[in-house]
Structure formats: structure tokens, C-alpha cells
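Colleague: Listed here are the chains, written in short residue letters.
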Amino acid sequence: MAKTLIKSEKFNLWYGDFQALIDIDLDIPENQVTAVVGPSGCGKSTFVRCINRLNDQINTVSTKGSIFIDGTDIYQYTADEVVGLRRSVGMVFQRPNPFPLSVFENVAFGLKTNPMVPDHQTIKKEVNKALQAVGLLEDLDGNLARPGTSLSLEQQQRLCIARCLPTRPKILLMDEPCSALDPSDTDKVEELIRELRKDYTVVIVTHNLQQAGRISDQSVLFHLGKIIEAAPTADFFQNPKEKRTRDFITGRYG
Amino acid sequence: MNFKKQNPINQQKRATFGLGLITAIVVIPVLLILGVVFVKGISVIDWNFLTTEPTNGLREGGVFPAIVGTLILVVGAVVWSVPFGVATAIYLVEYSPRSRAANLVRLAILNLAGVPSVVYGLFGLGVFVIALKFGASILAGTLTLALMGLPVIVTSTAEALKAVPDRFREASLALGASKWQTTRHVVLPNSIQGILTGIILEISRAGGETAPILFTVAAFYLPRLPQSIFDQVMALPMHLFAISTQVPNIGLDVRYAVALTLLFLVLGINAVAISIRAKIRKNRIW
Ligand SMILES: Nc1ncnc2c1ncn2[C@@H]1O[C@H](COP(=O)(O)OP(=O)(O)OP(=O)(O)O)[C@@H](O)[C@H]1O
Ligand SMILES: [Mg+2]
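Top to bottom, those sequences are chains L and W.
Numbering of the first sequence is given in this note's numbering, commencing with residue 1 and proceeding in unit increments.
Numbering of the second sequence is given in this note's numbering, commencing with residue 1001 and proceeding in unit increments.
Treat the hints with caution; some may be incorrect.
Stated by the list, open to error - For lysine-lysine, the following DSBU-like pairs were computed, each having C-alpha atoms within a straight-line distance of at most 30 Å:
hint	chain 1	residue 1	chain 2	residue 2
1	W	Lys1279	L	Lys124
2	W	Lys1279	L	Lys64
3	L	Lys7	W	Lys1179
4	L	Lys112	W	Lys1133
5	L	Lys170	W	Lys1179
6	W	Lys1013	L	Lys112
No lab work stands behind these hints, which were simulated from the structure alone.
The shape of chain L in the complex, shown without the other chains (with noise of 0.2 Å):
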């Protein structure tokens, strides 16, 4: 059994009155891929975004419970350290938004942003690794000086991908990173994310079962803002224990 990276437990979030989440336990393992699934509006990205706090953004937001990386609950942070924590948490979004910048300068943001701003060889030298690491240097010859806006969406996918590697995450959240792709350039980011299993441990919600079969370690299915079902891939799609993962699997709701 993989060591637990991050422990949810009794998390309760409320949007005003509306409460989005209920209860949620969960254990997700270190360099694992874990699968957030559900219908729509279940409370997916809600979940992620509780695993960098980003749900703080919101004014109505109300939180219950706890959340712990590495052994800390990072509910009990403050301020201070809550930007910290968006330092060693990555997240892609649905739909790919680098900066109205060069590919160079969205990559870097990240360590320019840092309290500890780095000499400019090291900002060069980690940019390059994280292009590296997502297969954009070669893609891009080089030629970091382009607006990274001007990239195919597939391409700008994985710049944001690599704008989230310079600040050294553990953890990386995708929340549905592929809906905006073909399914080819779905095929390249998805050989990418299980790359990256091997030094960072990723949640990764995504409508497309096949794809929660194909890269994720675990599987957890949300419904109504509570986890049905969390177990093993292989598990949740050939034995899976509750009825409702069995309707949610063979397309019956959801």
C-alpha cells in the first residue's frame, strides 16, 4: 500500500446555503493517480479546489473539517501559508489559460512570484527542465519568445502543465484537462500525466470513464456532494461494491 499524501476527513463546504460537500473521506496515495468521476455538478472541481484552498476565493464559501498534506491540516493555515501551499500544489484547469505572456515568462511566473526570487540562469535553467519534462521544447524548437497564447490548445494545455512545475509541487490537480482536446491531443496529455505519476501525485477529475480507466491508479466516485464508492482502478470498473457505481460504470445515470 502506497503511503496516503493527502487525508481528507469529514470535510463539509458550503456555497452560502448550499452545501456542495458532505462528509468527504478520502485517502489519496503518494504518486498516484487518482480519478475524481461523477455527474454533473456533483462537487468535482468543488473537491479539488479545496486541495489548494482555491475555494477561499469565493466570498460565500463556508468550510467544515479537515484536509491533511503530509500530516498537516491545511484548514488551520493562514494566510501566509496558504500561498505557500498554492506553491506545492499545481493545478490545470478545464480549459487552458496561459497568460498573455511568452512561453518563457509563463513558465517562470511561478519563481518570480516566489518570496525568494531566483538568479536568472537558475529561472532559465528550471524553465527549461519543466518545458522538457512536458515535451514542449522540442515541440516549440526552442523558441521560448512566442506568446503562449499562440500555441494549439493541446500545446497551451501543456504549457500550463509546465507552469506549475518550476515551485516544485507534490501534488498536481487537473480538473478535466482534456475536455477541450481531440482525442488525439487527449492521447498526448494523457502519456504525459502518467509520466509525471512517477514524481508527483495527481487528482485528475474527468467526465470520460475510459479515461479514469486508462491513467488513474484509484478511482472515487461523487454523487450530490457525497463519495459513493473510492477503491483501487481496477476494482471500481470490474467489481465495484456499491449498486450505484455499477449504474454510473455501465452509463445508466451520470
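We have chain L; now place chain W with the ligands onto it with these hints.
Modeller: Using the frame of chain L, we list chain W with the ligands on its own:
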């Protein structure tokens, strides 16, 4: 079942014609104003008119000090109002969009925008000229104009900030940037167009108004250039007002020439701002 006959193609034709006609009715007076001012004033304008000082109690000579004065007033108004206006807009949009304080500020700004310009003039006289003892001076005049320009700077900046998609803010925050870093490095650079739009509007207004500068800075007849921000200056709108109402026997063509100079000046400064904005627009996509 009953049917009512209609002819969509004909309706479309009539709509196109009607809308076009109304647009023409709106545009023609504007072109007429420009045309009349140009035709009647251009004959007086020459190098001498633009570069010499008025003489003989405004009856002769050029408008050089008034051109310089208007330039100073416009630039001064922008320099004062942009930092304050932009800061206020950032506070309103990024920092406390729903707080009580923000609502109060928003209300105040809305009201500020509706205040007649002569009231700004009196306010400037009372506060800057008399209470703060700046005297009638560039300082007092530009501050008064800046105050008048604030609502448009705040409003246009706020709109520009709101137009920056949230996904850029989220991406930045998720990378561990602070709120201020996100504002400074992501939101603000992408709002420059809107800020420039505000500045362009302010330039036109500050360059053309007479009432706010009447008591605070404008000199009736001061045939020399200012030495410090505590000096008075001449200004084109004030000069036009003066030669039209205070000095008898000045040819109509001279008045048109002054109006035309003012028009060229304001359009010229605006052209610079607009070309900067167009350049920024070209280099940015999302
Ligand atoms: N900012 C918000 N304010 C209020 N309610 C919200 C907000 N964001 C999400 N919700 C609600 O919370 C619930 C969960 O939303 P969430 O976006 O987490 O669902 P999801 O599982 O990611 O759905 P999808 O598959 O469509 O992305 C939904 O009912 C949604 O309407
Ligand atoms: Mg979602």
C-alpha cells in the same frame, strides 16, 4: 387558422434605410461643426499665430502661451488623476467588491460624475486656491481638473479590470502568487487599454473646459510662459471665451482660429493615446 401577411425582406430594407438616415442626422451636425470651424479659422493660422505671444491686450499676436498652458493643464490633470483613479478602481474591483465602504465610494463617484463643471471650479477655488493657499496656480487648476476627471478614470479602469477573465486570476493564485502580485502582474497589464480609454476621455474634457479653470488657474492675459507650478497660465478655452466676450472688435476668423487650434491640440494628444492603445491591442490576444 388565421395568417397575417408580412414581408421580412421589405421590413429589413426599411430598417436599414431608417437606421442609416438617423445616423446621418446625428453625424452631419458634427461634421458641419468641424467643417465650419476649419474653413473659417484656417486662414488665420500660420506659424506666427501658433508660436508668438498675444499683444496689445489680446487684440494682436498669437496664442502660444495658451497652447502651452492647455498642454500643461491636460498633462497635469492626467498625472494627478490616473494614480488615484486606478488605485481606487483596483480597490473597488479586486479588493472589496461587496463591502459597505466600496458601495459608498461607488455612490460618491457616481455623484461626482454628475456634478456640473462650474461647481468643480468653485470647489477648487474654495479648497485649493484659498484654504490650501495654492493661489490661482497650475497646482490648483490641475488638481481641480483631475478631480473632475476622476470618475471617468475610475469607471473605465474598473470596467477594464472586470473584463479580465477570472481564469487568469485563478491561474496566478494557484501558482502561489499573492493577491497583489496577481493584480500587479496579471490583471493590471491586461487592463491598460481600458485605462487609456479613460485617459482619452479625460484629455478631451480637461482640454476643453473653461469653468473649472476660470477661478483656479487661467490667466486672462499673461504673455509669458509659467516658471513654476504656482504660476498662472493662459489656456485656449479661456482665451476663446475672453476674446469672444471681453475684448471688442476681434474678427470672427480669429475666434474660429483659436477654436480650431484647441480642436487640433486635443485631437493630437488623443491620437497619441489612441495609437498607443491600438499598439497594445494588437499585441494581445485571449
Ligand atoms: N461559486 C459557486 N456558487 C454557488 N454554487 C456553486 C458555485 N460553484 C459551484 N456551485 C454548485 O456546487 C455544485 C458542485 O459544483 P462543481 O462545479 O463542483 O460540480 P462538478 O462536479 O465539477 O460539475 P461539472 O462536471 O459540471 O464540472 C453544483 O451544484 C454547482 O451548482
Ligand atoms: Mg467541474
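Colleague: Work down the list of hints and note, for each, if the structure agrees.
Modeller: Status of each hint after checking the structure:
1. W/Lys1279 / L/Lys124: 29 Å, holds
2. W/Lys1279 / L/Lys64: 49 Å, violated
3. L/Lys7 / W/Lys1179: At roughly 27 Å apart (the allowed maximum being 30 Å), W/Lys1179 and L/Lys7 satisfy the hint.
4. L/Lys112 / W/Lys1133: Distance ~46 Å between L/Lys112 and W/Lys1133 Cα, so the pair is violated.
5. L/Lys170 / W/Lys1179: 23 Å, holds
6. W/Lys1013 / L/Lys112: 58 Å, violated
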